[in-house]
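Engineer: Take the sequences, apply the hints, and build the full model.
Residue numbers (this note's numbering), protein chains in the order written: chain A, 280 to 656; chain B, 152 to 545.
Check before you lean on any hint, since a few could be wrong.
[Unchecked claim] The following label-pair restraints were derived from C-beta to C-beta distances:
no., chain 1, residue 1, chain 2, residue 2, range
1, A, Phe555, B, Glu480, 20 to 28 angstroms
2, A, Gly415, B, Lys421, 45 to 53 angstroms
3, B, Asp346, A, Glu586, 30 to 38 angstroms
[Claimed, not checked] DSS-like mimics (lysine-lysine), calculated; alpha carbons at most 25 angstroms apart, straight line:
no., chain 1, residue 1, chain 2, residue 2
4, B, Lys432, B, Lys378
5, A, Lys301, A, Lys395
6, B, Lys542, A, Lys533
7, A, Lys504, A, Lys457
8, A, Lys325, A, Lys386
9, B, Lys483, B, Lys500
10, A, Lys455, B, Lys432
11, A, Lys386, A, Lys533
12, B, Lys542, A, Lys543
13, B, Lys432, A, Lys457
14, A, Lys290, A, Lys533
15, A, Lys339, A, Lys395
Keep in mind that the hints were calculated from the coordinates and are not lab data. Glycine included, each C-beta is placed from N, C-alpha and C at the ideal position.
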Amino acid sequence: MNFGFTEEQEKLRTAARDFLEKECSSSLVREMEEDEKGYSPELWHKIAELGWLGLPFPQKYGGSSKTFLDLVILLEEMGRVLLPGPFVPTVVCCGLPILSAGTEEQKEEFLPKIVKGELIFTLALTEPNGRYDAQGIEASATADGDDFIINGTKLFTPYANVADYLLCAARTSTRKNKGQGITVFIVNAHLPGIAVTVLDTIASDKQCEVIFNNVRVPKGSILDKLDRGWKVMESAQEHAATAECALMIGGAQKVLEMTVNYSKERIQYGRPIGSFQVFQHRCADMLIEIDGAKFATYQAAWRLSEELPSTMQASVAKAWVNQVYQRVCADGAHLHGGIGFSWEHDIQLYLRRAKAAEVTFGDTDFHQDIVAQQLGI
Amino acid sequence: MEFGFSEQEEKFRQEVRDFLNKEIPPSWVKGGMFTQGEIENEEEWAFWKSIQRKLAEKGWLGIHWPKEYGGLGRSYMDQFIFMEEMSYRGGPGIAPANIWHLGPTLLAWGTEEQKKTHLLRAARGETLWIDAMAEPDAGSDGVNISTTALQDRDYYIINGRKRWGCLVPFDWFLFLARTDPDSTRHRGLSVFMADVKTPGITVKPIIDLAGYAYWADITLDNARLPKENMIGPKNEGWTVILNTLNNERIFVDILGGMRRTLDLIIRFAKETKRNGEPLVKNPAIRHQLAQLAIEAEVTRLLYYRVVWFREQGITLIHETSLAKVLGNETMKHMVTTGMEIMGLHGQLKAGSKWASFAAKMQQAYLTNPAWAIAGGTTEIEKNIIAWMGLKMPR
Chain A
280 MNFGFTEEQE KLRTAARDFL EKECSSSLVR EMEEDEKGYS PELWHKIAEL GWLGLPFPQK
340 YGGSSKTFLD LVILLEEMGR VLLPGPFVPT VVCCGLPILS AGTEEQKEEF LPKIVKGELI
400 FTLALTEPNG RYDAQGIEAS ATADGDDFII NGTKLFTPYA NVADYLLCAA RTSTRKNKGQ
460 GITVFIVNAH LPGIAVTVLD TIASDKQCEV IFNNVRVPKG SILDKLDRGW KVMESAQEHA
520 ATAECALMIG GAQKVLEMTV NYSKERIQYG RPIGSFQVFQ HRCADMLIEI DGAKFATYQA
580 AWRLSEELPS TMQASVAKAW VNQVYQRVCA DGAHLHGGIG FSWEHDIQLY LRRAKAAEVT
640 FGDTDFHQDI VAQQLGI
Chain B
152 MEFGFSEQEE KFRQEVRDFL NKEIPPSWVK GGMFTQGEIE NEEEWAFWKS IQRKLAEKGW
212 LGIHWPKEYG GLGRSYMDQF IFMEEMSYRG GPGIAPANIW HLGPTLLAWG TEEQKKTHLL
272 RAARGETLWI DAMAEPDAGS DGVNISTTAL QDRDYYIING RKRWGCLVPF DWFLFLARTD
332 PDSTRHRGLS VFMADVKTPG ITVKPIIDLA GYAYWADITL DNARLPKENM IGPKNEGWTV
392 ILNTLNNERI FVDILGGMRR TLDLIIRFAK ETKRNGEPLV KNPAIRHQLA QLAIEAEVTR
452 LLYYRVVWFR EQGITLIHET SLAKVLGNET MKHMVTTGME IMGLHGQLKA GSKWASFAAK
512 MQQAYLTNPA WAIAGGTTEI EKNIIAWMGL KMPR
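Structural biologist: Printed below as a string of structure tokens:
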């Protein structure tokens with residue numbers, strides 16, 4: 280057991296924090312909510328130059344061969360400032376699956392460009408039924424000579440409006456076991472037949488409807504094997520859920536900090552409101568939950584880094600962090616009094632994103648179900 | 152950042168499990184955190200003592216104590232692993248206060264003589280200790296001590312009353328007394344150890360709501376203790392005992408009890424049918440069980456963080472309090488949910504022809520409330536977290 284980070288990891292965190300504090304103010308976050316693209320290409324370019332997009336990829340693709348846990352440290356800092364942009368979709372949801380399941384050809388074609396910031400990827404997984412399990416995949420891909428024709432609707436696909444490529448999970452054959460018969464395709468987002476519409480969502484975070492209308496893709500665009508794609512998606516989901524947790528714990532810590540700082544400045548009844556016991560106890564509750572959330576997340580990330588079985592730990596983390604970020608934002612906003620429910624104060628930025636993060640890559644119910652399965656019930 | 156155990160630690164854990172599987176019949180384990188608080192007759196007490204003897208033979212009564220004092224000189228992590236596994240089995244043979252109070256206090260502040268005498272005897276299974284910190288008027292306000300200790304040449308004459316000591320039938324106890332009659336609050340206190348057989352010391356059991364004589368009321372009436380029974384410097388007792396109190400809050404034993412309680416609830420839900428289906432098939436119950444497992448896992452991580460800090464010699468500030476609050480809340484959630492799931496049958500005490508193995512749930516439920524008070528109430532712990540952890544203004 281070791282509950283500390285290495286010196287190198289601490290340096291990574293400090294460098295990330297300093298950079299993001301300077302480059303990603305809450306004004307930028309607000310600006311991007313209204314922006315057509317939803318992210319700053321300039322900032323994306325700087326992030327690429329820092330090597331962040333290549334952190335978990337091998338050096339031969341231009342990356343720095345760091346672990347998933349190292350990436351989680353970066354993500355925590357990004358979550359702290361609510362960095363807008365397709366980092367997780369590109370690197371975690373698509374880059375890592377290509378790394379683990381792609382052919383050498385596919386890896387060489389896509390990974391170096393991802394690392395350099397030249398390609399944006401997103402994962403077109405969920406559909407109007409809102410499910411994250413294999414049964415939720417209704418989009419179809421029918422064989423036609425050397426190609427496949429994809430038809431279907433994907434919903435809640437992040438940053439499809441700016442993506443160059445989509446990983447698309449579609450059903451290539453009907454089997455009794457719905458987990459089989461799904462194939463993942465690497466699809467050029469500008470192919471004819473693809474229509475993207477940005478949805479208006481609570482976090483203004485560029486989640487999209489993506490309609491596939493007779494989209495023709497070559498069979499070389501299959502990631503891993505025909506009909507065997509769900510395995511890839513399961514692994515992608517565990518990584519993505521854990522990545523989401525990392526963003527959430529970053530945000531939650533920031534909310535607690537804001538709340539404690541406010542409590543020291545705000546004077547009522549002749550004393551800082553943070554000197555009242557109820558206020559203190561509610562903040563203590565938040566710290567307890569957040570510390571638990573941090574280590575549950577790091578544990579999942581560590582197991583994924585070590586390629587140990589991680590399904591239980593990833594779901595424990597996501598279920599817990601879902602509950603914690605929600606409560607911390609709600610309590611944090613409440614403890615700010617009136618300004619806590621204003622548009623002007625920054626805490627609402629966290630509160631709205633907490634809701635989005637909670638349902639992304641599995642809500643609490645979904646993960647409790649997985650934990651129950653893992654318990655043998 | 153690493154969340155696995157070393158090969159050596161895994162081996163040791165298995166060694167402890169093998170011993171327990173061999174020596175402790177499943178029927179021994181009752182419901183509460185420490186089964187020694189639920190001993191009902193001489194036969195059970197004799198069994199408890201027999202396990203204590205076996206543990207003493209293996210050197211397992213002082214795992215992380217230095218070898219010269221009867222310990223094995225093993226790591227704090229090994230000590231924790233041992234206590235976790237022991238508490239899963241209801242912990243017969245172990246007096247937690249030996250490990251968590253006596254050991255830390257004497258190791259940090261005891262003279263060579265004191266360490267050699269008392270730690271060795273405890274490690275050999277000859278003495279059981281408790282700590283008696285609270286008084287009728289000194290609960291959370293632990294420095295509101297009115298027990299006095301007047302020096303009379305080579306002795307101290309002690310007068311006072313202690314309440315809420317954990318009543319294992321104990322031999323010795325640690326306590327605070329006011330050695331400076333003009334002092335107040337935390338100043339002028341000293342730590343003493345006393346043999347319960349000392350004339351003037353009487354012990355009365357306090358029955359808890361589960362019906363067990365689990366706690367003790369101790370009266371000291373002109374009890375004469377040799378001055379060698381003082382631990383640490385005179386009038387500096389609060390500093391001495393703070394170290395011990397920080398240890399007590401860890402209450403590591405909670406993890407084993409937590410896992411045991413969860414296993415009990417899951418087993419009940421698997422084996423019990425309602426409307427022809429096992430309870431675990433009911434999604435509401437299934438998800439509640441998952442939630443309990445999630446909370447238990449998060450609790451486990453926070454307890455292990457405390458152990459790691461101790462191993463690394465990192466000063467603990469609020470981390471122990473933080474783990475304890477979550478541990479207590481998780482246990483409360485667990486015993487409450489367990490009783491809910493059992494419905495009418497949760498009411499049955501063990502021994503009824505209608506009671507199943509699940510009667511232990513009731514014992515867990517009734518003995519649990521004490522643990523959110525003992526060792527530091529939730530409210531005090533939250534104060535510590537806010538003041539020391541978050542630096543909030545007082």
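Engineer: With reference to the structure, classify each hint as holding or not holding.
Structural biologist: Against the structure, the hints come out as follows:
1. A:Phe555 <-> B:Glu480: 20 to 28 angstroms: holds (22 angstroms)
2. A:Gly415 <-> B:Lys421: 45 to 53 angstroms: 29 angstroms Cβ-Cβ, so the 45 to 53 angstroms window is violated.
3. B:Asp346 <-> A:Glu586: 30 to 38 angstroms: violated (57 angstroms)
4. B:Lys432 <-> B:Lys378: Cα-Cα ~64 angstroms, so violated.
5. A:Lys301 <-> A:Lys395: Holds: Lys301 (chain A) and Lys395 (chain A) sit about 22 angstroms apart, inside 25 angstroms.
6. B:Lys542 <-> A:Lys533: holds (16 angstroms)
7. A:Lys504 <-> A:Lys457: holds (16 angstroms)
8. A:Lys325 <-> A:Lys386: Holds. Lys325 (chain A) to Lys386 (chain A) sits at ~23 angstroms (cutoff 25 angstroms).
9. B:Lys483 <-> B:Lys500: The given pair, whose Cα atoms are some 20 angstroms apart, holds under the 25 angstroms limit.
10. A:Lys455 <-> B:Lys432: Distance ~23 angstroms between Lys455 (chain A) and Lys432 (chain B) Cα, so the pair holds.
11. A:Lys386 <-> A:Lys533: violated (37 angstroms)
12. B:Lys542 <-> A:Lys543: Roughly 10 angstroms between the alpha carbons, so the hint for Lys542 (chain B) and Lys543 (chain A) holds.
13. B:Lys432 <-> A:Lys457: With Cα atoms ~21 angstroms apart, Lys432 (chain B) and Lys457 (chain A) stay inside 25 angstroms; holds.
14. A:Lys290 <-> A:Lys533: holds (19 angstroms)
15. A:Lys339 <-> A:Lys395: holds (13 angstroms)
When the structure is compared with the earlier hints, violations turn up for hints 2, 3, 4, 11 and for no others.
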